[in-house]
Amino acid sequence: MKQKKEYIDRVQFAVDHARKLGADAAEAFVSDTQSVQINISNRKTEQANALCDAGIGIRILKDQKMVSGSSNDLGSDSVKALISDLSKKVLFHTVDEFNVIPGESNDVLVQDWSANADALSYDPKIDGVPVQEKINKAIRLETAGLDSSPKITGSMMVLYQDNTTHLYLANSNGISGWFPTSSCMGYVELSAAEKGDQQSGNYFQAKVNYDDLDTDLIGRRAAENALRMLGAKPINSCEIPMVVSPEVGTQILSYIVGMLSADEVQKGKSLFAGKLDTPVAARILNVIDDGKMKGGLNTNPVDGEGVPQQTTPLIVGGILKNYLYDSYTAKKGKAKSTGNYQRSGYQGSGSIGNTNLYLQKGGIKRKTLISGIDKGFYMQDAIGMFAGIDSTSGEFSIPAIGFMIEKGSITYPIRGISISGNLFDFLKSVDAIADDLTWFQSVGCPTFSVTSIKIGGVS
Amino acid sequence: MTKGKKCREISRREFLGRSLAGTTAFGLSSALINTLWFQTGCSGSLAGQWIVPEDVLKKSIQFLLAKGADFGDVFVERALFNGISSDDRKINTSTTLQQGVGIRAVKEGKTFYAYTASFIPEDIYTTARFVADAAAEGTAKSTTMIVDLTRQSSKLRFAIEPDPNHVAVEKKIEFVQRLTDRAWSADPRVNQVSQFYREITRHVNLATSSGKIIKQTLGLTELYATTYMKDQDGNLQSGFDGRAAYAGRDFFKGEDSFENVVDKSVERAKNLLEAVDCPRGVFPVVLGPGDNGVIFHESCGHGMEADLVFKGSNFKDQIGKQTAAKGVTLIDDGTNPQLPGSFAFDDEGTPSEHTVLIEDGIQRNYMCDLVWGQKLGMKSTGSGRRQSFRFPPIPRMRNTYIEKGNISPNDIVAETKRGIYVTNVARGGQVDVITGNFMMGAEGFLIENGKITRPIKGATLSGMGIQALKTIDLIGNDLKIAASPGRCGKMQSVPAAFGMPTIRVRGILVGGRGEAWEDKKGGVR
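If you read the protein sequences in the order shown, they are chains A and B. First residue of the first sequence? That's 1 in the numbering used here, and the numbers climb one at a time after it. First residue of the second sequence? That's 1 in the numbering used here, and the numbers climb one at a time after it.
Don't read these hints as lab results, they were simulated from the structure. One should not assume that every hint holds.
Pairs of lysine-lysine, PhoX-like flavour, derived with a Cα cap of 20 Å [said to hold, decoys possible]:
1) K65/A - K212/B
2) K264/B - K253/B
3) K267/A - K321/B
4) K44/A - K107/B
5) K332/A - K267/A
6) K195/A - K375/B
7) K59/B - K215/B
8) K110/B - K44/A
9) K110/B - K275/A
10) K233/A - K230/B
11) K110/B - K88/A
12) K326/B - K470/B
13) K332/A - K321/A
14) K20/A - K80/A
15) K407/A - K428/A
16) K316/B - K107/B
17) K172/B - K267/A
18) K171/B - K331/A
19) K62/A - K44/A
20) K267/A - K110/B
21) K65/A - K20/A
22) K88/A - K171/B
23) K253/B - K65/A
24) K172/B - K270/B
25) K361/A - K375/A
26) K361/A - K65/A
27) K110/B - K137/A
28) K417/B - K212/B
29) K361/A - K321/A
30) K90/B - K332/A
31) K336/A - K321/A
32) K151/A - K316/B
33) K44/A - K212/B
Sample of chain B residues lacking proximity to chain A, with all beta carbon distances greater than 12 Å (derived) [unchecked claim]:
34) Q62
35) D88
36) S94
37) S154
38) V169
39) Q232
40) F251
Treat the numbers as computed from the prediction; the structure is a model and nothing was measured. Ideal Cβ placement from N, Cα and C applies to all residues, glycine included.
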């Protein structure tokens, strides 16, 4: 799959047409994706989907009012009809002096986005490998898990998915270009059974490079996660130290970074408002958003509105140092965009999101970290974390699974309990960070521990 | 799922849990508004229309079956999504057109799928041939299969009034402005208001290898409101409410009125500001009627979907066995007037129906589509649904509820010495179908000495589905099936609704950071 001249022309055509209809500024974005998705069940293909998807997103600025729209009908008449419709609707929108389409005046021009390989997350192989080979790879995901123990009884979900996307952007302020991006992922969810007890385990991995996706590891880890839970039971309500796995840590980090969006902060929706240069976490905690990280899943030359991606330290030594900005919030907050305007597909507008976000690793081994705990809970995974965290107040209670830690060692598996607390207190109670930084998608986290957590269980 | 960057965006769009990564979840929160804004809809007659001519559909089916597929279908869709968002006192619109043709072939239980965004007959035929070839896996020779298509009709009617395409955008902006003003003026502590109103019109044509041809228009009108409040001590809370229906704006009256949605979002934020930490442990939980039915959607609904049953969910091999307390009857219904999970025909052409899943505690049926129903040796219950033309159909819930009992809701509360009363779902829920472990976020009040007292915060409910269902000990006579907002995520996202009467359940784990409680005879310590 190569870049298409017609799409380079189409985004420019859309911008020009919007200007012709009276826009003060305009932006057009085309995303062109090829994707393969394979589900496996019982060592055979259950579903194979080969998908091609292209569409255009448009933003039009007029009299300080902004409108957005999108369509997957890229015909020039259809695009013209959409622009005409948007140009009428924008008149009824609310004036907002901070509405902006970035450009030269914001000092954000970068040319030849596709020329710098280090700034891309792209592997041409993903689009080049025949589907049959991908089916074999998907089957290996499941086989590695099923064959790892006779106690593994079957799979609930085995998925291989990849995509190769070419992005095209142009606006009336001098930004234009294109670049490719790709990724592939494997997910395995298995069941294990013994003596009438049935447990589940899953694992997944996403990579930029096709050859980096470790099917055996994914299948084996999913199996291990299920096997380790056999015999799990609840514990009594208590308050004890907790060790957090990278699987859980990355999910929690995602909520924290959502609260660090300048948009949430400026609109008074985040309790991180007004906390710049103050302690918000334990001193050992460093959180960084790195849009330039080599090999990162969200490494791109520019963000969704053409602003260069960058490395942004958010929390340094426990002190809040920055928020994540796009051009709109930067103008409003008299700050500089951090290149965090993220689009999902070809939608007309995006929102602030992380690039490659991680909690910096510490200096001790995971084993050492656990060995210092006399009685504690090792949290391996959560059910419904999105519904268990209130990202306004930071209150959380999350159904958890994991293991008991006794005299420095992991002993038995636990299920049927909830952990609860408040995110702001939680961040301050981190007391040790291990050196095993692990990435899930575009968020990375090492194993870490907190001094204590409230556990709700049987009486 | 199929879009460029979604594969790498699980964490940022995690409102649906790891739905993309396999588990199932129901999302319902202000984060959902953001995501819906990003989802990407066409004017025309709402009575249904032929997007591509019938003879093109017929020819496509012939190409699709030419290489030995067992069955297949051609799903044509043209959808318009018109959104109006109000955030930070600024009101803006978004417009999205999505169209395409999804083509499926099924052979020996395997599904092969592809789609094209083009309505040009030759592009549709090419896609049909591609899918036919994939299903043949290089073996079968081409043959000519002639299928006669018969138009299907249904008595079910879902009025979309007024037709959203006939109301001027400035009128819609005005009415959202009034809702925004209503929230801002409700309480001096209101410090932010986010609202999202959307109208979706989906024109669908479907042709199947079994000879059915259908046209229908699916509609959804929805409003989500989040109100943020901050008190003098700097405490910040947000309250959320929403309503959705397969209907136009005229549907939203009385308790379902948009004004009521806004008022509830304000009231919930206020309650959270004044709330005490929810106690933790296993003790009596009384769930109020309506949307709280999401608890059955998670705790047992997903586990009764034919694909998950076949693969070994904890409801496998349970037909005829007791899976819930006596008195509990669980229904999944696709025919309720105007509810978001209703439709005349499912997305593979089976008429919608009222499906009894559990009858008086005994498992009677599962939710089946054609592919997974066949694998289980069961008939389709009209449960084959797809998010859009980009996806093949899979077994899904529609409007799920439990039938009413005969106790007055007031008596249920009065008979509970100590516990919590759940007024509404917070943010959604999720289930691990292998073990049956489910959870749902919750808001509500403490019950102290048989009375509803102080509001609570930070609550979740969790447990193991079948075990929890067996500990339901009181069922109210006040069944309410709600015009529920939100989306159910299982690789694909679809609208679904919930219902229940007031019930009391004893064996459920409450999570919170308040004191540790336990259950002794109705909650006496």
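These are the hints, each one checked on the structure:
no. : hint            : in the structure
1   : K65/A - K212/B  : violated (48 Å)
2   : K264/B - K253/B : holds (15 Å)
3   : K267/A - K321/B : violated (53 Å)
4   : K44/A - K107/B  : holds (12 Å)
5   : K332/A - K267/A : holds (11 Å)
6   : K195/A - K375/B : violated (27 Å)
7   : K59/B - K215/B  : holds (17 Å)
8   : K110/B - K44/A  : holds (8 Å)
9   : K110/B - K275/A : violated (55 Å)
10  : K233/A - K230/B : violated (40 Å)
11  : K110/B - K88/A  : violated (48 Å)
12  : K326/B - K470/B : holds (8 Å)
13  : K332/A - K321/A : holds (18 Å)
14  : K20/A - K80/A   : holds (11 Å)
15  : K407/A - K428/A : violated (25 Å)
16  : K316/B - K107/B : violated (24 Å)
17  : K172/B - K267/A : violated (24 Å)
18  : K171/B - K331/A : violated (31 Å)
19  : K62/A - K44/A   : violated (55 Å)
20  : K267/A - K110/B : violated (49 Å)
21  : K65/A - K20/A   : holds (17 Å)
22  : K88/A - K171/B  : holds (14 Å)
23  : K253/B - K65/A  : violated (33 Å)
24  : K172/B - K270/B : violated (28 Å)
25  : K361/A - K375/A : violated (24 Å)
26  : K361/A - K65/A  : violated (44 Å)
27  : K110/B - K137/A : holds (17 Å)
28  : K417/B - K212/B : violated (57 Å)
29  : K361/A - K321/A : holds (18 Å)
30  : K90/B - K332/A  : holds (14 Å)
31  : K336/A - K321/A : holds (14 Å)
32  : K151/A - K316/B : holds (18 Å)
33  : K44/A - K212/B  : violated (30 Å)
34  : Q62             : holds (21 Å)
35  : D88             : violated (5 Å)
36  : S94             : violated (5 Å)
37  : S154            : holds (28 Å)
38  : V169            : violated (5 Å)
39  : Q232            : holds (15 Å)
40  : F251            : holds (24 Å)
Hints 1, 3, 6, 9, 10, 11, 15, 16, 17, 18, 19, 20, 23, 24, 25, 26, 28, 33, 35, 36, 38, counting from the list given before, are not met by this structure.
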